[in-house]
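According to my numbering, the sequence shown holds residues 12 to 76 in order.
Honestly, the hints are just simulated from the structure, not real lab data. Keep in mind it's a predicted model, so treat the numbers as computed, not measured. Mixed in with the good hints there might be a few duds.
Okay, derived cross-link-like pairs now, DSS-like style, lysine-lysine, Cα gap no bigger than 27 Å in a straight line [what the hints assert, rightly or not]:
| hint | residue 1 | residue 2 |
| --- | --- | --- |
| 1 | K68 | K55 |
| 2 | K66 | K55 |
| 3 | K47 | K68 |
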Amino acid sequence: MNDRDGLLRELMTLFDQLPQPLREAINYAPEPLDPKALAALCRKHGAGNVLAMIKLKLKRRGLSI
Numbered sequence: 012m013n014d015r016d017g018l019l020r021e022l023m024t025l026f027d028q029l030p031q032p033l034r035e036a037i038n039y040a041p042e043p044l045d046p047k048a049l050a051a052l053c054r055k056h057g058a059g060n061v062l063a064m065i066k067l068k069l070k071r072r073g074l075s076i
């Protein structure tokens, strides 16, 4: 096993621990989300605000989660 596989497993474990609405927002985001950028946004604005922003973008595009 290489480091990439271990990192991927760790990321998936962390992802599974996120609240359901945040997981759905990440999965259905209008644009692909870079994990580092997402983490930076959450630290800067708070996960709840990031989730609200993603939901707002989806609503503007006529989609919902």
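Hint check results:
no.	hint	verdict
1	K68 - K55	holds, 19 Å
2	K66 - K55	holds, 18 Å
3	K47 - K68	holds, 20 Å
Of the numbered hints listed earlier, not one is contradicted by the structure.
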